[in-house]
Amino acid sequence: MQQQPDMMDKLVSLCKRRGIIFQSSEIYGGLAATWDYGPIGAEIKKNLKEAWWRSNVYERDDIEGIEAAILMHPMTWMASGHVSSFEDTLADCKSCKKRFKVENVTGKKCPECGGELTEARQFNLMLKTHLGPIEDEGSLTYLRPETAQGIFVNFQNVVNSMRRKIPFGIAQIGKSFRNEITTRSFTFRSREFEQMEIEYFVKPGTDDEWYHKWVEERFVWYARFGIRKENLRKRQHEKKELAHYAKACTDIEYNFPFGWSELEGIANRTDFDLKQHSRLCGKELDYFDEATKERFIPYVIEPSGGIDRAILAFLFDAYREEEVKGEKRVSLALHKALAPLKAAVLPLLRNRPDLVELAKNIANGLRKGFKVMYDDTASIGRLYRRQDEIGTPYCITVDVDSLSDRKVTVRDRDSMKQDRISVDTVKAYLVDKFKD
Numbered sequence: 000m001q002q003q004p005d006m007m008d009k010l011v012s013l014c015k016r017r018g019i020i021f022q023s024s025e026i027y028g029g030l031a032a033t034w035d036y037g038p039i040g041a042e043i044k045k046n047l048k049e050a051w052w053r054s055n056v057y058e059r060d061d062i063e064g065i066e067a068a069i070l071m072h073p074m075t076w077m078a079s080g081h082v083s084s085f086e087d088t089l090a091d092c093k094s095c096k097k098r099f100k101v102e103n104v105t106g107k108k109c110p111e112c113g114g115e116l117t118e119a120r121q122f123n124l125m126l127k128t129h130l131g132p133i134e135d136e137g138s139l140t141y142l143r144p145e146t147a148q149g150i151f152v153n154f155q156n157v158v159n160s161m162r163r164k165i166p167f168g169i170a171q172i173g174k175s176f177r178n179e180i181t182t183r184s185f186t187f188r189s190r191e192f193e194q195m196e197i198e199y200f201v202k203p204g205t206d207d208e209w210y211h212k213w214v215e216e217r218f219v220w221y222a223r224f225g226i227r228k229e230n231l232r233k234r235q236h237e238k239k240e241l242a243h244y245a246k247a248c249t250d251i252e253y254n255f256p257f258g259w260s261e262l263e264g265i266a267n268r269t270d271f272d273l274k275q276h277s278r279l280c281g282k283e284l285d286y287f288d289e290a291t292k293e294r295f296i297p298y299v300i301e302p303s304g305g306i307d308r309a310i311l312a313f314l315f316d317a318y319r320e321e322e323v324k325g326e327k328r329v330s331l332a333l334h335k336a337l338a339p340l341k342a343a344v345l346p347l348l349r350n351r352p353d354l355v356e357l358a359k360n361i362a363n364g365l366r367k368g369f370k371v372m373y374d375d376t377a378s379i380g381r382l383y384r385r386q387d388e389i390g391t392p393y394c395i396t397v398d399v400d401s402l403s404d405r406k407v408t409v410r411d412r413d414s415m416k417q418d419r420i421s422v423d424t425v426k427a428y429l430v431d432k433f434k435d
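Note that numbering that gives the first Met the number 0 gives residue 49 to position 50 of the sequence shown, counting from 1, and the numbers run on in steps of one.
Treat the hints loosely; a few may be bogus.
Stated by the list, open to error - DSS-like cross-link-like pairs, simulated, lysine-lysine; straight-line CA separation at most 27 Å:
{"hint": "1", "residue 1": "282", "residue 2": "164"}
{"hint": "2", "residue 1": "93", "residue 2": "108"}
{"hint": "3", "residue 1": "93", "residue 2": "107"}
{"hint": "4", "residue 1": "246", "residue 2": "233"}
{"hint": "5", "residue 1": "406", "residue 2": "367"}
{"hint": "6", "residue 1": "212", "residue 2": "238"}
{"hint": "7", "residue 1": "324", "residue 2": "359"}
{"hint": "8", "residue 1": "174", "residue 2": "233"}
{"hint": "9", "residue 1": "370", "residue 2": "324"}
{"hint": "10", "residue 1": "9", "residue 2": "48"}
{"hint": "11", "residue 1": "335", "residue 2": "367"}
{"hint": "12", "residue 1": "174", "residue 2": "45"}
{"hint": "13", "residue 1": "406", "residue 2": "370"}
{"hint": "14", "residue 1": "97", "residue 2": "127"}
{"hint": "15", "residue 1": "432", "residue 2": "367"}
{"hint": "16", "residue 1": "239", "residue 2": "108"}
Read the hints as simulated data drawn from the structure, not as lab findings.
Model the full assembly from the supplied sequences, consistent with the hints where possible.
What follows is the structure, given as structure tokens:
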């Protein structure tokens with residue numbers, strides 16, 4: 000089922016209005032294809048990263064986590080093939096000034112306005128920088144275009160320090176940078192983005208089995224955290240699509256308003272990367288199996304997902320519109336683990352100091368265990384709508400009766416059902432609701 004095209008405009012508006020995502024450097028007119036996460040968006044992003052890390056590093060016994068530097072030795076990108084082959088062939092329209100990949104253009108006319116195209120030119124997708132005070136050829140390096148290479152160059156370090164036996168994986172979450180020529184669709188394709196990647200090292204000959212296992216594992220993960228299965232699909236790459244290092248690759252795609260597009264790719268990278276680094280650095284990056292007395296270079300299965308794309312998909316999938324008592328209600332039905340706030344404490348009357356004091360005490364008592372908000376800046380109806388729009392699962396309303404019966408009303412975001420519970424049991428109530 001294709002989502003409504005106007006969903007993009009609605010979501011962009013919601014993100015700006017509710018502090019989820021802002022245009023970077025907006026006061027100066029913005030910087031194309033770069034985005035800032037606001038107070039609410041930063042919490043969603045943090046929660047998504049924590050959910051991924053917990054699922055892959057804590058809940059498994061075969062994966063270690065690392066955090067590699069963004070800046071790496073330039074030889075890293077020689078070994079990976081980025082210096083020689085990470086390019087796009089592009090042409091510009093002389094009329095509308097838009098830029099297109101030559102592979103996506105038929106003939107020499109602009110696909111947008113029919114104008115004449117310039118001659119094709121090569122564009123390198125890596126962002127360059129210089130290390131040290133003098134900018135010359137010797138100081139040239141790059142902002143990493145992917146996080147994977149930070150894992151490969153640390154393969155032996157992890158094996159030796161953590162005494163890992165194959166099969167095992169190394170996980171990393173981190174920033175990457177690409178000089179994208181064609182940027183589009185809000186945060187879907189940007190020049191600065193964050194990846195969550197695993198390089199899973201296996202014995203050659205077992206790689207096909209592990210590849211299929213990881214495809215299923217990653218597909219299920221997105222559904223586990225709330226994306227509807229009808230909006231997810233698996234698409235295996237044809238041979239002509241495969242990267243130079245890949246034996247096979249499957250994309251997990253989401254049904255965005257602009258069409259089916261990649262959320263995450265699971266690739267069988269074979270032994271390409273470790274062999275390349277071994278060749279250029281002059282050190283053996285192989286593995287010795289004590290049980291079989293075999294020495295080999297492991298094959299690698301790589302689940303690689305974009306955090307920004309994932310957030311966009313979770314936001315689209317959670318977006319709900321309905322009519323309640325003659326008014327439009329917008330809500331984000333985010334999975335509780337991803338919700339930026341877990342609860343909001345709302346006094347019914349802000350001009351009653353005793354009511355405000357009780358509400359603030361409840362909020363303060365919850366803060367050690369949950370991200371909560373206290374808000375008394377509008378009527379209760381408007382306060383509910385604000386919290387619905389950012390996906391807060393529970394609103395705790397403190398009313399006049401709360402002063403005498405020591406009870407509050409807890410409203411569920413999705414069902415709008417209300418429970419009247421004791422002030423003393425609010426924390427236990429939330430703990431129970433947020434159990435896995």
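These are the hints, each one checked on the structure:
1. 282 x 164: Roughly 20 Å between the alpha carbons, so the hint for residue 282 and residue 164 holds.
2. 93 x 108: Judged against 27 Å, a Cα distance of about 10 Å means the pair holds.
3. 93 x 107: Holds, because 11 Å separates the two Cα atoms, which is no more than 27 Å.
4. 246 x 233: With Cα atoms ~17 Å apart, residue 246 and residue 233 stay inside 27 Å; holds.
5. 406 x 367: Roughly 21 Å between the alpha carbons, so the hint for residue 406 and residue 367 holds.
6. 212 x 238: Satisfied, since the Cα-Cα distance of roughly 21 Å is no more than 27 Å.
7. 324 x 359: violated, 30 Å
8. 174 x 233: The given pair, whose Cα atoms are some 25 Å apart, holds under the 27 Å limit.
9. 370 x 324: violated, 30 Å
10. 9 x 48: Satisfied, since the Cα-Cα distance of roughly 25 Å is no more than 27 Å.
11. 335 x 367: holds, 17 Å
12. 174 x 45: holds, 14 Å
13. 406 x 370: Distance of about 21 Å is within 27 Å: holds.
14. 97 x 127: holds, 24 Å
15. 432 x 367: holds, 16 Å
16. 239 x 108: holds, 25 Å
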